[in-house]
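The residues making up each chain are set out below.
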Amino acid sequence: MSDLDSPFLKHAVDAARRMQASPFPMPDLEALADEAKHRSARRRTVTLVAGLALAASLSIGTWAALRPQPVSFEVEGLARVEAGLVRTAAEQSARLRFSEGSVIELAEVTRLRVIDPTVEGVHVQLAEGRAEVAVVHRDRTRWTVDSGPFTVHVTGTRFAVAWNLTRAEATVELLEGQVTIEGPGIAPALVLKPGQRFTGVVRPEGTHVEVNVSPATQPTEAPPPAPVEGVGPPRTAASPSTPTRAPVRAPRTPSRPLAGGEPAPPNTSSDWAAWSAAGEFERIIEDAQSAGIQTALRNRSVDDLLLLGDAARYLSNRRLAEDVFEAAHRRAGRMTQEAAVTSFRLGQLLEQTSPQTADTWYRRSLEEAPTGPLAAEALGRRLLMARRAGSADAASLARAYLSQFPTGAAAAIAREMLAQ
Amino acid sequence: MALRLLADPIPTTTERSGSLNPLEALWDTWGARIQRLVQRTLGPDQGTEDLVHEAFVRLLQKVGTLRDSARIEGFVVAITLNVVRLELRRRKRWRAVAPTDRADPSISGSAEDAVAVKRLFVLLDQLEPDQRLAFTLRYIEQLELTEVAEAMGLSLATAKRRLAEAKAFLEEKANGDAQLHLFVKDPHV
Chain A
1 MSDLDSPFLK
11 HAVDAARRMQ
21 ASPFPMPDLE
31 ALADEAKHRS
41 ARRRTVTLVA
51 GLALAASLSI
61 GTWAALRPQP
71 VSFEVEGLAR
81 VEAGLVRTAA
91 EQSARLRFSE
101 GSVIELAEVT
111 RLRVIDPTVE
121 GVHVQLAEGR
131 AEVAVVHRDR
141 TRWTVDSGPF
151 TVHVTGTRFA
161 VAWNLTRAEA
171 TVELLEGQVT
181 IEGPGIAPAL
191 VLKPGQRFTG
201 VVRPEGTHVE
211 VNVSPATQPT
221 EAPPPAPVEG
231 VGPPRTAASP
241 STPTRAPVRA
251 PRTPSRPLAG
261 GEPAPPNTSS
271 DWAAWSAAGE
281 FERIIEDAQS
291 AGIQTALRNR
301 SVDDLLLLGD
311 AARYLSNRRL
321 AEDVFEAAHR
331 RAGRMTQEAA
341 VTSFRLGQLL
351 EQTSPQTADT
361 WYRRSLEEAP
371 TGPLAAEALG
381 RRLLMARRAG
391 SADAASLARA
401 YLSQFPTGAA
411 AAIAREMLAQ
Chain B
421 MALRLLADPI
431 PTTTERSGSL
441 NPLEALWDTW
451 GARIQRLVQR
461 TLGPDQGTED
471 LVHEAFVRLL
481 QKVGTLRDSA
491 RIEGFVVAIT
501 LNVVRLELRR
511 RKRWRAVAPT
521 DRADPSISGS
531 AEDAVAVKRL
541 FVLLDQLEPD
551 QRLAFTLRYI
561 EQLELTEVAE
571 AMGLSLATAK
581 RRLAEAKAFL
591 EEKANGDAQL
601 HLFVKDPHV
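Residue numbers (the numbering used here), protein chains in the order written: chain A, 1 to 420; chain B, 421 to 609.
These aren't lab readings, by the way, just hints derived from the structure by calculation. Warning: the hint list may mix true and false statements.
Derived BS3-like pairs: lysine-lysine, alpha-carbon spacing no greater than 30 angstroms straight-line [unchecked claim]:
1. Lys512(B) - Lys482(B)
2. Lys593(B) - Lys580(B)
3. Lys512(B) - Lys593(B)
4. Lys37(A) - Lys482(B)
5. Lys482(B) - Lys587(B)
6. Lys10(A) - Lys482(B)
7. Lys512(B) - Lys587(B)
8. Lys593(B) - Lys482(B)
9. Lys10(A) - Lys593(B)
10. Lys580(B) - Lys10(A)
11. Lys512(B) - Lys10(A)
Kindly generate the complete structure, drawing on both the sequences and the hints.
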């Protein structure tokens with residue numbers, strides 16, 4: 001490396017390289033973080049003023065050169081990539097990282113095509129296999145994910161989607177946020193809530209579609225749905241022919257009776273659901289605040305509290321999110337899917353700041369719904385946390401995960417841990 | 421607040437350090453790197469701790485804009501070098517009106533090494549900031565030329581030119597530096 005001619009200079013450089021200053025003690029990180037926050041706030045103010053001045057002077061040509069760039073993505077892991085088609089083989093997995101922050105994890109034997117990455121969002125098509133999608137909420141982000149003939153419309157959310165080519169079966173399991181699903185046999189579009197699972201089967205004749213939504217309040221062993229003839233109205237719980245399934249779009253009522261004498265909240269549940277689907281999280285919080293947060297915690301349904309908690313979480317209002325999820329957990333019945341979902345949310349919320357408490361919530365979620373739609377995710381989170389902490393429980397969690405969810409999203413990690 | 425600053429781009433950092441607090445994880449992973457970079461470019465002076473903190477604050481401010489977590493090292497280096505470059509310019513202005521002697525560096529090693537390091541940074545003080553950064557990144561940090569160019573935000577040709585200017589100046593000065601001749605053994609002798 002050193003091509004220095006002067007022996008004196010070379011000696012000095014070598015000595016400088018060898019110098020080992022004592023490492024500085026860890027500073028007051030919270031104080032530095034506060035400083036960063038205040039500077040960012042000041043910069044936003046300055047940027048706003050400068051932006052107004054700039055907007056007045058920019059020509060259309062200059063604006064065109066400065067307009068936002070299309071979304072791009074990179075592929076990590078074992079996968080073949082050809083012209084937007086990413087495919088994994090058996091025992092392979094891959095991760096697509098998009099430039100706007102969203103991530104798609106591909107399970108083994110999966111083919112996914114990124115069709116249309118634009119400034120506003122991305123259109124991907126799951127041709128086969130299973131993917132876990134985490135879309136970062138942006139004001140104008142529009143994401144669509146095709147799973148067979150079904151299309152999932154996304155704002156900011158996390159869900160698992162699968163398309164079984166052999167059985168012509170699409171499944172969508174919503175972990176966070178809200179998505180709408182369109183496709184044959186679904187009119188109007190379905191709105192899926194956290195903890196719900198959508199299954200759509202295209203029968204060989206091509207005109208028969210079965211649509212099933214397993215809501216969080218339903219036992220997982222609900223009987224399989226009957227086929228829906230033709231491309232008719234959606235087979236949801238709103239339909240009288242499927243009384244065992246919960247409503248998908250029907251107006252919801254609070255899970256617990258309103259307290260006597262309490263005024264009814266000014267907006268209906270469907271308002272919050274619609275606002276959440278549109279990414280208007282501030283509006284949900286403002287609405288809750290206008291009626292009083294405590295009133296909302298007492299009177300709103302558990303579903304609504306989950307929407308409110310998620311909105312607070314998306315807006316980094318951790319304290320409000322924790323209050324809301326804890327209230328939702330108290331309101332949910334013991335050992336119900338609703339309780340499991342709120343426990344899971346609390347685990348997610350506290351994972352970074354209080355890992356032990358988060359682990360307790362994940363464990364509770366598993367106890368409340370051991371075969372629920374979030375069980376694999378909860379056990380997976382426990383496994384990853386134990387691995388990061390170097391916990392002695394990591395191996396037993398890995399074995400438990402593989403035994404219960406051998407094809408789950410964390411299966412490859414569990415195998416890797418046990419192989420070490 | 422910290423969680424918001426350390427949103428999505430950081431999980432690889434958190435996993436790498438083993439810490440579950442993202443703020444601590446970020447410091448655990450990059451604090452020592454920032455310190456080393458500041459001290460190797462500015463010398464083991466007093467006052468570098470403030471600059472390390474300044475670089476870390478800027479990292480917290482900007483880490484949310486990082487789109488690809490795999491690029492975080494280059495991101496950290498670039499932010500740190502910007503802080504160092506501003507400090508070098510500030511010192512250069514002050515030296516013009518109030519020249520001061522460089523304090524003895526508190527470093528480990530022999531007395532000969534201490535003199536050599538002190539004299540080296542006295543000579544480096546006479547360079548333009550970009551010449552100095554190019555030299556220290558190439559020879560003390562031992563980065564490849566392309567890495568030096570990328571870290572400094574320069575073209576490869578410009579980085580080479582700055583390095584050649586710095587090297588020519590320092591070779592000449594080092595060979596004529598009485599203290600280096602007095603205290604540092606000539607390996608050819």
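Right, here's what the structure says about each hint:
1. Taken as a hint, the lysine 512(B) and lysine 482(B) pair is honoured in the structure, with Cα atoms around 27 angstroms apart against an allowance of 30 angstroms.
2. Between lysine 593(B) and lysine 580(B), the direct Cα distance comes to roughly 20 angstroms. Compliance with the 30 angstroms bound is thereby established for this hinted pair.
3. Our distance criterion of 30 angstroms between C-alpha atoms is met by lysine 512(B) and lysine 593(B), whose separation comes to about 19 angstroms.
4. Simply put, lysine 37(A) and lysine 482(B) have alpha-carbon atoms about 10 angstroms apart, close enough for the 30 angstroms limit, and the pair holds.
5. At most 30 angstroms may separate the alpha-carbon atoms for a hinted pair to count; lysine 482(B) and lysine 587(B) exceed this at roughly 34 angstroms.
6. Only pairs whose Cα atoms come within 30 angstroms are accepted, and lysine 10(A) paired with lysine 482(B) is rejected, the gap being roughly 37 angstroms.
7. Simply put, lysine 512(B) and lysine 587(B) have alpha-carbon atoms about 19 angstroms apart, close enough for the 30 angstroms limit, and the pair holds.
8. For a cut-off of 30 angstroms, the pair hint linking lysine 593(B) to lysine 482(B) is broken: about 40 angstroms separates their Cα positions.
9. As the CA atoms of lysine 10(A) and lysine 593(B) are separated by approximately 13 angstroms, the hinted pair is consistent with the 30 angstroms bound.
10. The hinted pair formed by lysine 580(B) and lysine 10(A) meets the criterion: a straight-line CA distance of about 19 angstroms does not exceed 30 angstroms.
11. Annotation: proposed proximity of lysine 512(B) to lysine 10(A) holds, straight-line Cα distance about 25 angstroms (limit 30 angstroms).
Consistency note: the structure conflicts with the earlier hints numbered 5, 6, 8.
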